[in-house]
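J.: Sequence:
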Amino acid sequence: MASAKSSRSRPTAPASSAAAVGGGAAVEGGANLTDKLKIFKTENFDPDAYVQSKCQSMNEKEIRHLCSYLHDLKKASAEEMRKSVYANYTAFIRTSKEISDLEGELLSIRNLLATQAALIHGLAEGVNIDSLTAGSEGSSEDDFTSAQDQEPSDIQKWALEFPDWIDVLLAERRVEEALDALDKAEHIASEAKQKQTLTTAEILSLQNTISDHRQKLADQLAEAACQSSTRGVELRAAASALKRLGDGPRAHTLLLNAHDQRLKYNMQTIHPTSTSYGGAYTAALSQQVFSVIGQALSDSLEVFGDESSYMSELVLWSTKQAETFAQLVKRHALASCAAAGGLRAAAECAQIAIGHCSLLEARGLSLCSVLLKLFRPSIEQALDANLKRIEESTAALAAADDWALTSPPSATRTSTRTTTTNLVSQPKLSSSAHRFNSMVQDFFEDVGPLLSMQLGGSTLDGILKVFNSYINLLINALPSSMEDEANLEGSTNKIVGIAETESQQLALLANASLLAEELLPRAAMKLSPQYTSGVDDPRKRVADRQNRAPEQREWKRKLQRSVDRLRDSFCRQHALDLIFSEDGDSYLNADMYINMDNTVEEPDWAPSPVFQELYAKLNRMANIAADMFVGRERFATLLMKRLTETVILWLSGDQSFWEDIKEGPKPLGPFGLQQFYLDMQFVILFGQGRHVQQVIYDMIDRAMAAFSSTGMNPDSVLPSDDWFIDVAQETLSRISGRAQAANGDREPNSPTASVSAHSMSSFRSHGSS
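The sequence shown finishes on residue 769 if you use the UniProt record's numbering, and the numbering steps up by one all the way, no holes.
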């Protein structure tokens with residue numbers, strides 16, 4: 001047997017490839033991270049040469065895989081950085097604003113100290129003048145007389161006229177001229193102080209006038225900016241003038257407040273009503289909110305440029321407006337849609353809002369993540385409600401399903417596109433499976449536009465959960481199902497029509513396999529970006545396939561595992577129906593072989609009834625499956641293989657059977673061994689699979705060992721191999737209703753493909769040696 005086993009062993013993988021993968025990983029894992037990074041820190045590091053050295057040993061497929069991996073890593077890194085920035089952005093903006101305010105206060109303190117220093121300097125000069133010697137009093141009187149006779153200079157005249165002139169400019173709201181006049185006054189005061197063309201008292205008076213009128217102008221501009229009628233050019237002019245006065249932070253805040261007031265005023269005309277369409281309300285609100293945010297962005301950039309402190313305040317203000325907008329949409333549109341399970345309406349509302357918001361991204365202001373974060377719970381609620389509706393609707397139809405396969409009814413919704421795939425095949429399903437498929441197709445079509453919300457994973461998981469629930473219904477539809485209903489999630493309190501006939505039971509498997517292998521994966525393709533955008537870019541299609549392929553493959557494997565649960569329940573039920581009677585008596589026990597030697601007369605040789613019934617059942621099911629599994633013959637073949645395997649494995653694992661064979665009160669006799677050998681040869685003719693074949697070999701080995709323990713040689717009592725093949729083949733032909741194949745070969749239309757018949761002969765020769 002050792003040689004037989006070794007000949008069926010699986011080929012080992014090439015050692016070179018394993019070493020290349022495993023060894024490389026070990027070396028990379030063992031190296032220190034610091035040592036790895038040293039090469040990138042050297043001054044003579046050449047990235048091109050480094051990449052070429054690493055890629056020389058890689059083939060085209062590996063390079064494409066590496067590029068795809070690096071692309072995904074780049075996207076993930078950018079997304080992680082973006083999340084990190086947004087997570088700390090509020091604190092950063094608050095700190096920046098506090099620093100800006102602190103700088104303004106320091107500037108005010110510096111100006112105040114400069115004024116105080118000038119005042120002290122003026123007082124000191126006054127004391128010096130009063131402390132002149134008495135001898136100069138006469139000359140002072142002469143100088144005073146001459147000073148009275150001397151006319152004031154042009155600068156002194158200008159300083160005397162300046163207060164009246166600036167008052168006129170402020171009263172007439174000639175802002176630009178007032179700003180120019182104040183700047184000129186600052187320049188004259190500074191120059192007079194250096195050249196001493198004005199006395200200290202005159203300089204102080206001029207500086208006080210400048211300071212007072214600057215404050216008056218700033219208050220006047222702030223008051224104008226707060227007026228609801230001030231907008232556009234006037235608003236930007238007021239903010240620009242305030243910035244020119246040195247009060248930029250206040251100017252920017254007033255600019256944003258003005259836009260905020262305008263937005264609140266415009267939103268007063270938008271009132272949601274119970275009869276209004278949620279999408280219309282969202283569109284009107286989006287138009288107002290994001291147009292105002294866009295205008296505020298334009299005004300801020302025009303007046304203040306891209307200075308970080310002002311941009312930070314703008315982003316913070318815009319984020320607040322977006323959050324307020326999102327809360328309104330959630331309260332008046334999304335909440336009702338989500339509660340009612342209106343996924344299409346909820347998706348349209350979210351898509352309208354995100355569409356308006358995305359227009360700002362081209363101008364450098366990204367707020368979509370704010371909306372996605374706030375919209376996501378409502379959209380997920382709508383998703384869950386839709387999934388629950390699919391589950392409940394399918395369960396309701398399953399309760400009355402007759403499990404007859406029919407072509408699909410006329411579609412309830414016309415898809416937005418027509419594909420050749422939709423026209424090629426019209427799948428045949430039962431009524432509940434048709435409802436499940438149509439609702440899932442519509443569900444994926446509704447979810448497709450929400451790809452930006454990264455709902456693909458949760459959507460696939462939700463459909464998988466609903467599909468598992470449907471599989472539980474199909475398992476419960478099997479009569480006498482041995483599956484514990486307590487372990488079937490969602491199966492409690494569900495009434496389902498029972499599939500009484502083999503045709504109906506195979507229809508259950510046809511439903512599950514067609515949904516899992518074709519219809520659901522095809523529907524999931526609606527989550528691809530090129531499907532939702534309607535633009536078929538081959539490069540994007542390849543990239544998207546590479547990114548989503550692992551997720552899709554894993555999802556399909558999970559779907560297939562659910563189908564396997566149904567298949568195993570089906571096979572287990574039919575195997576037990578073959579082995580046990582309704583009263584619980586076994587048709588396959590040790591006595592049926594041991595008691596054959598109680599009579600002297602040789603029996604009429606034929607495979608045992610239980611194995612004949614197994615082949616008859618397989619033959620009937622194969623004929624039924626030929627019509628049901630068109631194009632999916634592999635699934636039908638695997639089903640027949642699994643049913644045969646279930647019966648054989650049950651016999652192999654029946655401890656009481658083998659205890660009676662080996663240690664029972666009566667030993668296994670020649671007729672019993674011959675019958676067991678014939679049964680196994682019969683199964684090999686229509687069975688298939690290395691695993692089943694190996695299990696049969698092991699059971700024959702155990703039976704021969706039990707017979708040999710009586711002191712007899714099995715080969716001395718067993719007929720030739722041709723005899724077993726002829727008897728088994730004759731029975732196969734009789735049951736299937738076809739003429740016996742020549743030379744004992746397997747029938748070409750056997751329900752399952754199998755190993756060659758001479759394998760038993762090789763086992764005999766090996767077992768007897």
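Rather than coming from a laboratory, the hints here were simulated on the basis of the structure. Some clues are possibly wrong.
[To be verified] Think about it this way: if two alpha-carbon atoms lie no more than 20 Å apart in a straight line, the pair counts; the simulated EDC-like pairs of lysine to aspartate or glutamate are:
| no. | residue 1 | residue 2 |
| --- | --- | --- |
| 1 | Lys184 | Asp212 |
| 2 | Lys75 | Glu361 |
| 3 | Lys97 | Glu307 |
| 4 | Lys465 | Glu380 |
| 5 | Lys465 | Glu554 |
| 6 | Lys184 | Glu98 |
| 7 | Lys193 | Asp183 |
| 8 | Lys558 | Glu602 |
| 9 | Lys465 | Glu392 |
| 10 | Lys216 | Asp183 |
| 11 | Lys388 | Glu307 |
| 12 | Lys216 | Asp260 |
| 13 | Lys465 | Asp577 |
| 14 | Lys617 | Asp591 |
| 15 | Lys556 | Asp461 |
| 16 | Lys243 | Glu176 |
| 17 | Lys428 | Glu502 |
| 18 | Lys97 | Asp306 |
| 19 | Lys666 | Asp577 |
| 20 | Lys666 | Asp591 |
| 21 | Lys216 | Glu176 |
| 22 | Lys216 | Glu186 |
| 23 | Lys556 | Glu502 |
| 24 | Lys428 | Glu633 |
| 25 | Lys243 | Asp101 |
| 26 | Lys526 | Asp384 |
| 27 | Lys243 | Asp219 |
| 28 | Lys243 | Asp183 |
J.: Indicate, hint by hint, whether the structure satisfies it.
T.: Against the structure, the hints come out as follows:
no. : hint             : in the structure
1   : Lys184 to Asp212 : 15 Å, holds
2   : Lys75 to Glu361  : 17 Å, holds
3   : Lys97 to Glu307  : 12 Å, holds
4   : Lys465 to Glu380 : 15 Å, holds
5   : Lys465 to Glu554 : 14 Å, holds
6   : Lys184 to Glu98  : 32 Å, violated
7   : Lys193 to Asp183 : 16 Å, holds
8   : Lys558 to Glu602 : 53 Å, violated
9   : Lys465 to Glu392 : 13 Å, holds
10  : Lys216 to Asp183 : 15 Å, holds
11  : Lys388 to Glu307 : 51 Å, violated
12  : Lys216 to Asp260 : 25 Å, violated
13  : Lys465 to Asp577 : 31 Å, violated
14  : Lys617 to Asp591 : 24 Å, violated
15  : Lys556 to Asp461 : 11 Å, holds
16  : Lys243 to Glu176 : 13 Å, holds
17  : Lys428 to Glu502 : 17 Å, holds
18  : Lys97 to Asp306  : 15 Å, holds
19  : Lys666 to Asp577 : 28 Å, violated
20  : Lys666 to Asp591 : 9 Å, holds
21  : Lys216 to Glu176 : 14 Å, holds
22  : Lys216 to Glu186 : 16 Å, holds
23  : Lys556 to Glu502 : 27 Å, violated
24  : Lys428 to Glu633 : 15 Å, holds
25  : Lys243 to Asp101 : 14 Å, holds
26  : Lys526 to Asp384 : 19 Å, holds
27  : Lys243 to Asp219 : 13 Å, holds
28  : Lys243 to Asp183 : 13 Å, holds
Hints 6, 8, 11, 12, 13, 14, 19 and 23, counting from the list given before, are not met by this structure.
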